[in-house]
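Engineer: Guided by the hints, dock chain B onto chain A, whose structure is given.
These protein sequence lines are chains A and B, in that order. Residue numbers for the first sequence follow the numbering used here, so the first one is 1 and each next one is one higher. Residue numbers for the second sequence follow the numbering used here, so the first one is 354 and each next one is one higher.
Worth flagging that the hints you see were computed from the coordinates, not collected in a lab. Using N, Cα and C, we set each Cβ at its ideal position, and we do this for glycine too. Some hints here could point you the wrong way.
[What the hints assert, rightly or not] To list a few chain A residues with every Cβ distance to chain B over 10 Å, as calculated:
#: 1; residue: Ala80
#: 2; residue: Ala83
#: 3; residue: Pro94
#: 4; residue: Val97
#: 5; residue: Arg107
#: 6; residue: Lys187
#: 7; residue: Phe192
#: 8; residue: Ser280
#: 9; residue: Gly288
#: 10; residue: Glu295
#: 11; residue: Lys347
[Said to hold, decoys possible] Coverage of chain A stretches by chain B, computed from C-beta distances (three or more under 8 Å per stretch; other residues unrestricted):
#: 12; segment: 196 to 204
#: 13; segment: 207 to 214
#: 14; segment: 229 to 242
#: 15; segment: 251 to 263
#: 16; segment: 314 to 321
Spelled out, the chains give:
Protein chains: 2
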Amino acid sequence: MVVRALRWVGAVDGFLELIDQRRLPGALVKLRCTEIEQVYEAIKTLAVRGAPAIGVAAGYGVVLGMQSCADDKNSGQGLACLAKSCDYLASARPTAVNLFWALERVRKKGDEFVAGRTGADVRSLREAILAEANAICREDIDMCRRIGENGERFIKDGSGILTHCNAGALATAGQGTALSVLFEAQKRGRKFKVYADETRPLLQGARLTAWELQQAGIDVTVICDNMAGWLMKQGRISAVITGADRIAANGDTANKVGTYSLSILAREHDIPFYVAAPSSTFDLGIQGGAEIVIEERPADEVRSFGESKVAPDGVGVYNPAFDVTEAGDIAAIITDRGVIEKPDTAKIAEHLR
Amino acid sequence: MVVRALRWVGAVDGFLELIDQRRLPGALVKLRCTEIEQVYEAIKTLAVRGAPAIGVAAGYGVVLGMQSCADDKNSGQGLACLAKSCDYLASARPTAVNLFWALERVRKKGDEFVAGRTGADVRSLREAILAEANAICREDIDMCRRIGENGERFIKDGSGILTHCNAGALATAGQGTALSVLFEAQKRGRKFKVYADETRPLLQGARLTAWELQQAGIDVTVICDNMAGWLMKQGRISAVITGADRIAANGDTANKVGTYSLSILAREHDIPFYVAAPSSTFDLGIQGGAEIVIEERPADEVRSFGESKVAPDGVGVYNPAFDVTEAGDIAAIITDRGVIEKPDTAKIAEHLR
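Same shape as in the complex, but just chain A (with noise of 0.2 Å):
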């Protein structure tokens, strides 16, 4: 069965149940968050992680935080609670994308709320936050799964699929993006093999994925990263396919370090490259990969893992976060729109008009 990352429990006066993804897979703990604050800590310390997952929890937390003002303030005094609780929890996570609009969402959906009815009593605004956030979460839902129908048909009878970092529903509040597609074939009696890349240095795949894929009932194998050129070598990699964390308008595609050399690996081996990733990460703003910044990491994430130092002391480390896949080398971007086979600006344009 597909986990899920998160959900909501009860009415307006309910909690926000979450899977504790940094205590996984040695221990699946589900957090029951009842206050704002243990979301902020949840979005901070990567309990939750994955940018629609944090864009759901989000919208949650905010409900959460307008549980603290009582049913007998006014309107005005509602909509400053929203608005403290909104900016606290974007102070969570500084570059996460999501987790602003989230947060922008139901801000706004209070504003028109309030501004549309007088004498709105603080309850009602309450209920209409949920609403909204009810709303993310579901459209989160629907997305996932629209992108794993759209894309199911290129997960063959028989295949080896390689993936790599988590694009899985621990990412989302449904079913995930790039293991959406597999969860799809899956449902239609397919039988294949994943790859998960471990993906160092914070080992997302061999934590993340390859737990959601055994859950799943899914045939999943643990590769270090250096071995999946010699997988494809021996004609075990069927196909790619991966997630996104942001597509520029030519198609170019920045997602966790390794993908970039997985695309050329793949190109080298004649085997299809696949991205799957809602339509909202297109940024259109943004012509091509060449634009794209990297953020940069700490360097403790890959002198140490755990407990144990794998480095000395002192010693240079380089560590992005992302690379960028040429869109040349991308055999097609799967969205919960359709499919754009060997995109390319013309072709992306088109998909998102």
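Structural biologist: The following block gives chain B in isolation, referenced to the frame of chain A:
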């Protein structure tokens, strides 16, 4: 300064000192082996590793084994002790060709020594064995230096060099193979930057290569294996240099898993790919890479790191120790005898003649 993985201290009643590589890079601990059992343990548990270093350690291990044979014993008893010591150490690592080679060499030396003189005493036999162990060690040191001298011209001033795994001083009695090339370039005053792939699963790059380059005062930066392609794309890499575990008659080269991917990525980015190895690494009984059997290692090397679990219990793992790089993707093989540019069967046969 270039570190020394191991050295013999004193004369025939001396001892073997070696760096405990299991403790690196956290601590520099030197093991003082005064009994053959300690050498056995050191080889078995990878306190000493790298084919040349294991061979040298084994030779000295036999010297220690024979210290238990009192000087008043006769030469027949001495040879029995020699044989027993060799058999014992040969069981420390069942697939280490250099281990068997070194043991065979000291055993043969003992046989010849005794056969050549009537009434040879045990002490003289022990001295002959020590002389042979010293010869193995000295030849290894010379071999390393010659590889470095033959290859240093490929390391240009101001360049960025990528290496994989550990083909350094820690793997030999001397200054290594691939890293010897870097040390010789450094001696000639050239400035360059080295990127060390961390080399999952056992992290020899992060733990050992980074440490010994740092000790030698060479500018070294550790990267995760999946970042190499992206570094190349950015123009940061001028050359790749690795060691080799076995080279076929046509130049196809088995080396630590991940090397194959690097060779493809290097070709894609027009970066020369060098292999540095002793000429004894050639196995002319093997025509090409397809004949090389690849050892698969335990799944737990990938599933966990140190105390940390990185993949779910029971998940499948593929863990090949090596892969094979095609001769056509190797710019040159650098050996103690010289350089084979664009290696092929004819050039290699000529080189070894």
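Engineer: Are the hints correct? Go through all of them and say.
Structural biologist: Against the structure, the hints come out as follows:
At the 10 Å boundary, the C-beta of alanine 80/A stays outside the reach of chain B, the nearest C-beta of that chain being 45 Å off. Non-interface call for alanine 83/A relative to chain B: holds, since the shortest CB-CB distance, roughly 41 Å, exceeds 10 Å. Look at proline 94/A: its CB is around 24 Å from the nearest CB on chain B, clear of 10 Å, so calling it non-interface holds up. Residue-level check passed: valine 97/A sits 22 Å from the nearest beta carbon of chain B, beyond 10 Å.
Distance check for arginine 107/A against chain B: the nearest CB is about 37 Å away, which clears 10 Å, and the non-interface claim stands. Look at lysine 187/A: its CB is around 22 Å from the nearest CB on chain B, clear of 10 Å, so calling it non-interface holds up. With a least CB separation of 13 Å from chain B, phenylalanine 192/A remains clear of the 10 Å interface cut-off, as annotated. The Cβ of serine 280/A lies farther than 10 Å from every Cβ of chain B, with a closest approach of about 25 Å, so its non-interface assignment holds.
Residue placement check: glycine 288/A keeps its beta carbon more than 10 Å from all beta carbons of chain B (closest about 14 Å). A cut-off of 10 Å between C-beta atoms confirms that glutamate 295/A is not in contact with chain B; the least separation is 13 Å. For lysine 347/A, the shortest C-beta to C-beta distance to chain B comes to about 24 Å, beyond the 10 Å cut-off, and the non-interface label holds. With 6 residues having a beta carbon nearer than 8 Å to a beta carbon of chain B, the segment 196 to 204 of chain A meets the requirement of three or more and the stated coverage holds.
Given as covered by chain B, the segment 207 to 214 of chain A passes the check, having 4 residues with a CB less than 8 Å from a CB of that chain where 3 are the minimum. With 4 residues having a beta carbon nearer than 8 Å to a beta carbon of chain B, the segment 229 to 242 of chain A meets the requirement of three or more and the stated coverage holds. Counting residues of the segment 251 to 263 of chain A whose CB lies closer than 8 Å to any CB of chain B gives 4, so the stated coverage by that chain holds, three being the minimum. Interface restraint, the segment 314 to 321 of chain A with chain B: holds (7 residues with C-beta to C-beta distance below 8 Å; minimum three).
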